[in-house]
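Could you put the whole structure together from the sequences, leaning on the hints where they help?
Residues per chain, in single letters:
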Amino acid sequence: MTAEPSLHPLGSGLELVPTSHEPQSGKDYTSDQEVRWCPGCGDYAVLKAVQSFLPDLGLRRENIVFVSGIGCSSRFPYYLDTFGMHSIHGRAPAIATGIAVSRPDLSVWVVTGDGDALSIGGNHLIHALRRNVNLTILLFNNRIYGLTKGQYSPTSEAGKVTKSTPVGSIDHPFNPVSLALGAEATFVARTIDSDRRHLTSVLAAAAAHRGAALVEIYQNCPIFNDGAFDDLRGPASDDRILRLEPGLDVTVGDRTWRHDPTAVDPSDQFALSRLEDPVPVGIFRQVERATYDDEAREQVASAVAASTATREERLAGLLNAGDTWTVV
Amino acid sequence: MTAEPSLHPLGSGLELVPTSHEPQSGKDYTSDQEVRWCPGCGDYAVLKAVQSFLPDLGLRRENIVFVSGIGCSSRFPYYLDTFGMHSIHGRAPAIATGIAVSRPDLSVWVVTGDGDALSIGGNHLIHALRRNVNLTILLFNNRIYGLTKGQYSPTSEAGKVTKSTPVGSIDHPFNPVSLALGAEATFVARTIDSDRRHLTSVLAAAAAHRGAALVEIYQNCPIFNDGAFDDLRGPASDDRILRLEPGLDVTVGDRTWRHDPTAVDPSDQFALSRLEDPVPVGIFRQVERATYDDEAREQVASAVAASTATREERLAGLLNAGDTWTVV
Amino acid sequence: MPRQVTRLDRVVIRFAGDSGDGMQLTGTRFTQESAIFGNDLMTLPNFPAEIRAPQGTIPGVSSFQIHFADHDILTAGDAPDVLVAMNPAALRANLADLPKGATIIVDTHDFTGRNLAKAGYDADPLESGELDAYQLHRVDLTGMTVEAVKEFGLSRKDAARAKNMFALGLLCWLYGRPTESTIGFLERQFARAPEIRDANILAFTTGWNFGETTETFAVRYEIAPAAQAPGTYRNITGNLALAHGLVAAAVRSGLPLFLGSYPITPASDILHELSRQKVFGVTTFQAEDEIAGIGAALGAAYAGSLGVTTTSGPGVSLKSEAIGLAVALELPLLVVNVQRGGPSTGLPTKTEQADLLQAMYGRNGEAPIPIVAPSTPSDCFAAALEAARIAITWRTPVMLLSDGYLANGSEPWRIPDLDDLPAIDPGFATTPNHTSKASSNGADEFWPYQRDPETLARPWAVPGTAGLEHRIGGLEKGDGHGNISYDPANHDLMVHTRAAKVARIADTLPPLTVDDPSAARGDGGARVLVVGWGSTYGPIAAGVRLVRGAGHDVAQVHLRHLNPLPRDLGEILKRYDRVLVPEMNLGQLSLLLRARYLVDAVGLNVVRGLPLTSGEIADAIEELL
Amino acid sequence: MPRQVTRLDRVVIRFAGDSGDGMQLTGTRFTQESAIFGNDLMTLPNFPAEIRAPQGTIPGVSSFQIHFADHDILTAGDAPDVLVAMNPAALRANLADLPKGATIIVDTHDFTGRNLAKAGYDADPLESGELDAYQLHRVDLTGMTVEAVKEFGLSRKDAARAKNMFALGLLCWLYGRPTESTIGFLERQFARAPEIRDANILAFTTGWNFGETTETFAVRYEIAPAAQAPGTYRNITGNLALAHGLVAAAVRSGLPLFLGSYPITPASDILHELSRQKVFGVTTFQAEDEIAGIGAALGAAYAGSLGVTTTSGPGVSLKSEAIGLAVALELPLLVVNVQRGGPSTGLPTKTEQADLLQAMYGRNGEAPIPIVAPSTPSDCFAAALEAARIAITWRTPVMLLSDGYLANGSEPWRIPDLDDLPAIDPGFATTPNHTSKASSNGADEFWPYQRDPETLARPWAVPGTAGLEHRIGGLEKGDGHGNISYDPANHDLMVHTRAAKVARIADTLPPLTVDDPSAARGDGGARVLVVGWGSTYGPIAAGVRLVRGAGHDVAQVHLRHLNPLPRDLGEILKRYDRVLVPEMNLGQLSLLLRARYLVDAVGLNVVRGLPLTSGEIADAIEELL
Ligand SMILES: Cc1ncc(C[n+]2csc(CCOP(=O)(O)OP(=O)(O)O)c2C)c(N)n1
Ligand SMILES: Cc1ncc(C[n+]2csc(CCOP(=O)(O)OP(=O)(O)O)c2C)c(N)n1
Ligand code: SF4
Ligand code: SF4
Ligand SMILES: [Mg+2]
Ligand SMILES: [Mg+2]
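Chains as they are written, first to last, in the numbering used here: chain Z, 1 to 328; chain D, 1 to 328; chain X, 1 to 625; chain A, 1 to 625.
Some hints here could point you the wrong way.
[To be verified] Each pair of labels, with its calculated beta carbon distance range:
(1) X:T213 x D:Y44: 41 to 49 Å
(2) Z:E157 x D:W257: 28 to 36 Å
(3) A:G570 x D:S25: 56 to 64 Å
(4) X:T430 x Z:E157: 49 to 57 Å
(5) X:T435 x A:D600: 43 to 51 Å
[Said to hold, decoys possible] Restricting the straight-line Cα-Cα distance to at most 27 Å, the calculated cross-link-like pairs of lysine-lysine (DSSO-like) are:
(6) D:K149 x X:K278
(7) Z:K48 x Z:K149
(8) Z:K160 x Z:K149
(9) Z:K149 x A:K278
(10) D:K48 x D:K27
(11) Z:K27 x Z:K48
(12) D:K160 x X:K437
(13) A:K437 x X:K574
(14) Z:K160 x A:K278
(15) X:K437 x Z:K27
(16) D:K48 x D:K160
(17) X:K157 x D:K149
(18) D:K27 x A:K437
(19) Z:K149 x A:K157
(20) D:K160 x D:K149
No lab work stands behind these hints, which were simulated from the structure alone. These numbers were taken from a predicted model, which means no experiment stands behind them. Ideal Cβ positions, reconstructed from N, Cα and C, are used throughout, including at glycine.
This is how it looks when you write it as structure tokens:
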């Protein structure tokens, strides 16, 4: 099934969110709660990046909501001075869907981990993607369960020795980008905790996307999976990383093509997602498609518009519908 | 991430299942329970096909287990005279995983519907596929919830009017084949209820596959979604259907290649899965990769083999391990 | 032909046929006509879990029972006076429920060898004499229908499908029902298929005429209208009343309604109905599973909607963890459980009330939630409003416990005046509520867990409210400020506070109404009290009437609030020597009453997937007298 | 230097420091040495939910308490006699728990301005006089450690990390602990990092020598070994004992063990431990979520394994629907709930026993399951075996209710003789069990729901058994043959039968042991009975001792089986005037006892995330005397 062209031109992911007239700084987005990750945790870098990036959006702070599941990364909302919910394991995409569908004036973010999003929450994630709910989803992939102290996750490499796999894991891992593309996602990107510039640019594009935007963030867990992405860091990593840009010529196997994240057919983007050496980072896919929440609101709005009665009058009409009789 | 070559050559999906010396017929696989689908339901055709096909496997009937979830299609196990479990909604892949991992001598089948497998059970399905558990999964896709009387499903087309979508569905549907390929599946095929020959040949390949084999079966629901696949039936359908065969030249957009279900990189297979006109049926992907259950048993077996003690002696050793002291 | 007319005060008719025979429609139309005629009535549909179980078999039988009367009635009837059986299986499946002497009308057309065998008959019961104790009417309904409609050139199959309308027409004649509404209905229903429309109308009128012109039926019956309070009425099922109640709650609270749901029998119709009410600003989200359904509803509640999730028992099991989160978050949320037969998948299309203790205790940790249960189909409307009032006022998830009988059963409902409906005030927080040490001029901070001193409810501060940014979650929160707290004393305080909050709802409950005519006499009177909840109301009240009719005193009280229990219940229980608790479970309310009040409540516990009968309740009462 | 030696009968020491300071290891080693020395002991670890909460803060404090004695003891101690505080936060977080006069040993190194501020101190408590009521020992543990190990050329940070071993050495000297086992442990633990190994060993011995050579501590203490029954002992935590019990059940039943689990605190260690026991034919499957975990375990059980799933409260919520399926399928399955603070995510690392009613009622429909609860860490072994015996014999899911305190607490365990462990017979069905009408020579059909007349258990017929092919599922099944049945009377029968099956387990339970020394006196004796379950055993027994020590009579009975309740419990309750039920919940066992026996049980309900104290229990008893 190829993605259909969008039914009507979509706007920005944030176009219905009220903007702020006050200048903002990262400090405005910093809550009074002490940050409680381990020293050296990659989550710090992402938090800092998000705190400095949010002011650029120019939104009213009270119209931003961060929803998370459970995991180290899911502590994220506590540290941002916006509205936030630290929910239950794996369910953040579902909860965020309710928020996004019921409130077009909110910028809704989901913060999740590789266990939260891909293990217990895998189904909610793929359904949010296919429905294209207007959410920005940050998936902190440290390839381990951090909070529960180091069991392998659905992105851990086969053979990994962890607390629950003393002689090595035998699970073939998910590739989150491939999975998302297979699940009809309209925006899929990958970035890395340590590269603030890249991270910020991907976040900017994700936030601007109208629809579900999945950003996989490679994140180091120094305690339980230290160095998982070390070869993708620093200058020496240049030949291990492929920085995707629209128009870049990319070669996989014996085929070369020009990378087009806006291509409606995701096949080439999928082919890129299978690359392991070098590892592509950047935006794989960024296409327009009607969002679930816009359409849901549109259905409601047109029903409401079709009636001139007050809500009370309509209620009286509803209760008195069908075959009635009157006793006097 | 490209699928790795298998760690050791894999055998057939059924090689550890004892075979029968008695000649079998479809009647042997027919239970004494009355079949209770609606007249004309596509499930009848699939049941007949399976009942006539099972004898060809030559297995001992008592070593076959059918596990299903909930839905019209999930009544399937009641009608087969094998071991069977009609479980709860969406969970059949998880239950079947426990059966397959603990018992190499069983041929384990999962019967599920588009709601059961892709809505409530989506996560278990994609995890069974990535783990490559030795299961044959029959996904009856009628693009509707039959048993609950006609709500749209994750495979219903956008705009569909159903009991729960009186002004049309706004969900973008899953393509089960794309989703499976994104979820690291090793065997993915599609067939249709009315084409007994094609159905049987796909089932044969799926059963022979060692690992998780997903077979999407287009199935007509005459009551709530009649005719959903009518244009893929009968002689007139020839130009609407693309019958995949290994080595067939296939063209998508401006690219033509030779279809190779055994290609380790699933990208071309994925590209095929996006085709909507014609609709490809047949085997998209069929590659070897170590199965979760074989490896799990291998880890246990080598631990057991490394010890010469009896189980009782080992237990005494376990209980007496660590720092002990004796009071006399 | 002039016919003898016999006056009756009440009749119970059961229409039974194959799943494909349209018995539910037939029953619903007969009901509608009786309602318009002015009888009091109650109905009980009963259908298989399969969409179309194999034709002609016992499991494929679908039935619809209606009890209608010239006085107010309380149940759909213990046993039918009349059985309309469209095939051998329908006869066989229902015969055991008929008292001797009852009337049986059979469609003879299907009494062929093959069909008799399918139904498990060795011999034709119409001939074997085994129906001698009944008043048997053999009518070739199918044959006459096909004959009547042949002018329209329908296929034989299509023609035969109108036989249910023939049967309906005949019964309408027999019981003097008005026919206009059914003809109007058929005109609307089949507006786009004129032949089918006309065939059905003709079958219906032919059935009526058959009664009028032949001599098969020697007597017609008349059941006078029941005295009803003035007002406008409609016949309504529980699921529809519940959906209307939810819409009314949204209107009366001024909130948008957000339903997150996953289809499941027998709750799906609430989703279907609400998906048609977009004009009220209702959003329905058919989720990927029950967890996502409640998750989205909770998200919408957080964002300021009236969040609702509808399901049945297996779905509640899946939602338990998220209900616990709602308890911790202290957000308004309605969880509607239309109970069905359990455990596990159980009996999806049958009724039961075995999820009460799950509603009370089915979550990890101390996670108390209020529970409200409607007692009749139409009462689902008011119960939904009451559940919404509690959820919004106390910022808490509330369980609304309906069941399969209420869901599909129907009765006349006096449509309320909008002004009589309670107004519900969401009372959103709009300003800071706490004064920091640093502040010199009034509240300057927002504390999400600073409570209303009266209700103990916390503020509902929705995103978009400047200055009220805050974070909440499922970890234990510090009293007041709501930040994560691992402090032992705080946890003890919060656990006790959450319990106290729910307990305080009892302060706002009206006194219970004890139905005890003997109490006024002042001579001691009734010694036995019957306590019930939910859909057993009708059977219990009918059973109590039977006992009173036999000259004994007995009292009845029915609970709408299961948690918290009403404040006056303990005192009421003490007034009686014996307490009987009839339930369609193994004694769940009994357990709560025994534990709370140390009263030796006796259970009548029958778990058949069907409503209790007034007869068995009367027997149980009499044993205690 | 010769030192005065004081003899004590018991001491409670709490080691407290930052999460990164290795307090759990320090406490464990001290425990091990005390065990080997022969003291009776119990331990209580306490750590934050964060992996590493911010260094130096109150939320980052991790502690380990050990109570050791020359006689048998029952709890980890209400209040520490000695606090070892590695930084200001550790001091501040624990001070409130210390009785006046207690000993405090602080590492002065971290009492700097910044660290004091992080802990919320305005002034240095070591100087401010606020510790005057305590025996304060200021020791620069870190400084001395760094100094001692400098020869190994470690970084300052690595060197400083050995300070916990210095502290351990010092305490070992102070309480005359044997040191060999710790040195041996360090040798094994750091075998691959010789500098670290040697630095730790040196820090440990330097700490010991510091006590021996300086005059900081004027007194050494001696706690004589406790009299213990002959046997081989080891110190064991509840999670480890539980895992061993599961392995033992597999060995004694001859079944392979299949664990389907999803990690969750505080249950994950059972998964970790079992994943290391492949040599027993144990398969561990880390599933994608809790539902898949139990699903796979149920599948494995169907296929003939001992199926187990381990989790904590939130996971049980998610598993409810699948437990209901297991009830309907009537297959053996162990569901282990290591309870933690709730509701919702609650307090993941704290203990609680608020999931009892969830275990009883947390499923849709009438879905009774047996419940077994261990009472001490080492008792988890026997309780796991008992749960397996019940599951296998009655073909039923069983809930094993441990909790966070049992899971991580430890005590000496007398290792049982294998021959003393119960043998469990899976008794697989191998042949047809029913005679069809057609058969003339014996059973020729297999009926999966034909029950054992004594236990009411159904046959366990695993795939691969020729002639026993059958289908089961979650829909209601016909009695005996097990085919789908919608028959009302059958459903009532099955609901009652499933309940009766679980009730019958009580026939095989041994009589309860009532601890009531006064009963023998025959003069009436105790009037108050204390009833408990699970991990409150120790605190209750200790509280009872306190009351008896004060000269009063009181009786105690502790329940291992919560469902069904033992047959003799009702009669026992009747013997006493007052019944006290202390629980770490709002009165869950109380509710069951009140409902079942109409006894006016009084609850002591404290929900702090910590074990009850013997002191508060003694107070509650004395109020009832
Ligand atoms: C229902 C439920 N199951 C299990 C847990 C335990 N748990 C908490 S976080 C987590 C996994 C965390 O892994 P990930 O999402 O990768 O986050 P990380 O800690 O690595 O950032 C688990 C298993 C839980 N809190 N709730
Ligand atoms: C936990 C739970 N939720 C919901 C249901 C209701 N339910 C039963 S089958 C079904 C969907 C069936 O659709 P599908 O899987 O496509 O099967 P079909 O009937 O179309 O063959 C639903 C929603 C249930 N039985 N259990
Ligand atoms: S455990 Fe790992 S992911 Fe979690 S806070 Fe520590 S470093 Fe970060
Ligand atoms: S409802 Fe549809 S899918 Fe279900 S049995 Fe009937 S025809 Fe088949
Ligand atoms: Mg992670
Ligand atoms: Mg379907």
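Hint consistency between Z:K160 and A:K278 [alpha-carbon to alpha-carbon, up to 27 Å]: holds, 17 Å
Given hint A:K437 paired with D:K27 - CA-CA distance at most 27 Å: Holds - the C-alpha atoms of A:K437 and D:K27 are around 21 Å apart, at most 27 Å.
Status of the given 28 to 36 Å range, CB of D:W257 versus CB of Z:E157: holds, 30 Å
Regarding the pair Z:K149 and A:K157, is the alpha-carbon distance no greater than 27 Å? Given pair Z:K149, A:K157 holds - Cα atoms ~23 Å apart, limit 27 Å.
So the hint says 41 to 49 Å: do the beta-carbon atoms of X:T213 and D:Y44 match that? Between X:T213 and D:Y44, where Cβ atoms are some 44 Å apart, the hint holds.
For a C-alpha distance cap of 27 Å, please report whether Z:K27 and Z:K48 respect it. Answer holds: Z:K27 to Z:K48 is near 10 Å, not above 27 Å.
With respect to the beta-carbon atoms only, verify the hint that A:G570 and D:S25 lie 56 to 64 Å apart. Given range 56 to 64 Å: holds, Cβ gap about 60 Å.
Quick check: does the Cβ-Cβ distance between X:T430 and Z:E157 fall within 49 to 57 Å? holds, 51 Å
Between the alpha carbons of D:K160 and D:K149, is the straight-line distance 27 Å or under? holds, 15 Å
27 Å limit on alpha-carbon distance, applied to hinted pair X:K157 and D:K149: holds, 23 Å
Given the hinted pair D:K160 and X:K437, is their alpha-carbon gap at most 27 Å? violated, 58 Å
Assess, step by step, whether the Cα of X:K437 is no farther than 27 Å from the Cα of Z:K27, and give holds or violated. holds, 21 Å
The structure fails hints 12, 13, 16 (numbered hints given earlier, in ascending order).
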